[in-house]
Amino acid sequence: MLIMSDVSKVYPGGAMALQDVNVHIEPGEFVFVVGPSGAGKSTFIKMLFREVLPTTGSIFVNGVDILSLTPKEIPFLRRQLGIIFQDYRLLPDRTVFENVAFAMQVIEAPHRKIKRQVMNVLDLVGLRHRANAYPNELSGGEQQRIAIARAIVNDPVFVIADEPTGNLDPETSWDIMDIFKEINATGTTIVMATHDKEVVDAMGKRVIAIEKGRIVRDEKEGVYGYEI
Amino acid sequence: MRFSTMDYFVKETYKSIRRNGFMSFASISTVAVSLLVLGMFLMIFLNTNNLAQYLESQVQVSVYMQDSATAKELASVKDKLTKMPGVVKVTQVSKQQALERFKKRLGDQQQLLSSLGKENPFPNSFEIQVDSPERIKVLTPQIGQLPKVETAKFGQEVVEHLFQLTKILRFGGIILVVFLAMATLFIISNTIRLTVFARRKEVIIMKYVGATDWFIRWPFLLEGMTLGFCGAVVASLFINSIYSGLLERIHATLAFLPLLPTYPLLLYVDVFLLVAGTGIGALGSYISLRKFLQV
Ligand SMILES: Nc1ncnc2c1ncn2[C@@H]1O[C@H](COP(=O)(O)OP(=O)(O)OP(=O)(O)O)[C@@H](O)[C@H]1O
Ligand SMILES: [Mg+2]
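Chains as they are written, first to last, in my numbering: chain H, 1 to 228; chain S, 1 to 295.
You may find that some hints are simply not true.
[To be verified] Simulated restraints on C-beta separations:
1. S:Lys201 to H:Asp169: 21 to 29 Å
2. S:Phe179 to H:Val10: 46 to 54 Å
3. S:Tyr14 to H:Met119: 24 to 32 Å
4. H:Thr70 to S:Lys201: 22 to 30 Å
5. S:Val37 to H:Gly166: 51 to 59 Å
Treat the hints as calculated values from the structure; they're not laboratory data.
Here a beta-carbon is modelled for each residue, glycine too, at the ideal position from N, C-alpha and C.
Turn these sequences into a full structure, and let the hints guide you.
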């Protein structure tokens, strides 16, 4: 469960990125965060994994007030989250397998479990056969699928994605969305900022629209609602 | 720590040292040279110290009597000397014996004797051995107070000079150590800075997937420690062969010089260098991590 209550963010320099945001996300939901450029979507996303601290308000992840976490506790918050970025952020000097295994090594999973689990998630994203390839040998869509595999390899409770299809063509975006749907079907909560009108409209999921830092719309089965 | 984690750290460290090839080499070399100088210095210091101690233990007090002392007075002084605490042995040296010794020492330059004239210029004397070097300083002035004693002195000059030298060495050594340690710290922290820079993407991702700060720090620390350790191994190898070679040579020519034997000296010095190298490596990377790794 994700709760933001009365959250505002003013960046140093004065940019009012979010104002009085109140959100309640139930386990297993699939939530799109939409809005024009500069509306505060990335800020919203980053606050969930404590990359950005709100200026006022509070945020709860699974009942834990994440603003009260000490630096030592932050890694354990992040282990409950799978984080995905627009630019994939894979390590170029590691193979596909190693990139995904990396996330498990970092939390000190045992060797045998790593091998099995990495192969499982590579299967899920349909890239088991490219396990030994390097990121630069893959298309953008394939790279994003690896990044998704890495995000879910530790069985996170939430998957948080900031414009995961932002660099991809529509066709590829659909493939990626299918994977997210599958992940969501296993009960994982998904929060995704996106500009992808077609996808949002077709999926019929919850849509939170942000404009100038304020939530202007929050619909259970929403649409993108902006002209591009 | 899990085995798989250690395995991971070792692999990461190895990869990183290889990737930084030239800087790794430069770091190891710097550590090696610094520790080599440090090690040599340590050997010189320990040997000088040893030499001073050896000479001090050899020291005896020489008591020179006034010429006016009668045989009876000499006997009474000898008696008093023998009863003094800490005195092990008292040897009486007559004027005649002293002259003989002098002749012997002159060797083939006997003509110098004539310059002494007819009179035997050497006084009656006693040579006293004491049980510990510390006693000498206390006893000597006491002996000087005895009747008919002209002077009492011990061969303090050589020893004092040697101790002076070890003091200077110690002082110079500290300055040198500080200087070398700083140079080594600098180069290691610089290397680790490059590593941190080369791996900043990785560090960011590690944070996103929930790595603890120490998990992120360990490979960097290990890298610094490995560089320090490798440098120390090189320095130790050099020191060992240099010192063994030197000992062999000196034994052949200057056998009387009481140099410290290779064992256990080299063992101690090697252990010291390895610990110092590894420690400096760890500290060097830690400095860099504090500055450049915002975890
Ligand atoms: N680190 C920062 N420092 C200062 N201002 C920032 C910072 N990050 C974002 N902002 C400002 O906060 C506002 C919201 O930015 P944010 O990145 O959340 O927008 P966004 O909705 O993700 O936009 P986009 O769709 O272009 O990604 C913008 O006005 C932006 O300039
Ligand atoms: Mg954004």
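Comparing the hints with the structure gives:
{"no.": "1", "hint": "S:Lys201 to H:Asp169: 21 to 29 Å", "in the structure": "25 Å, holds"}
{"no.": "2", "hint": "S:Phe179 to H:Val10: 46 to 54 Å", "in the structure": "50 Å, holds"}
{"no.": "3", "hint": "S:Tyr14 to H:Met119: 24 to 32 Å", "in the structure": "25 Å, holds"}
{"no.": "4", "hint": "H:Thr70 to S:Lys201: 22 to 30 Å", "in the structure": "26 Å, holds"}
{"no.": "5", "hint": "S:Val37 to H:Gly166: 51 to 59 Å", "in the structure": "57 Å, holds"}
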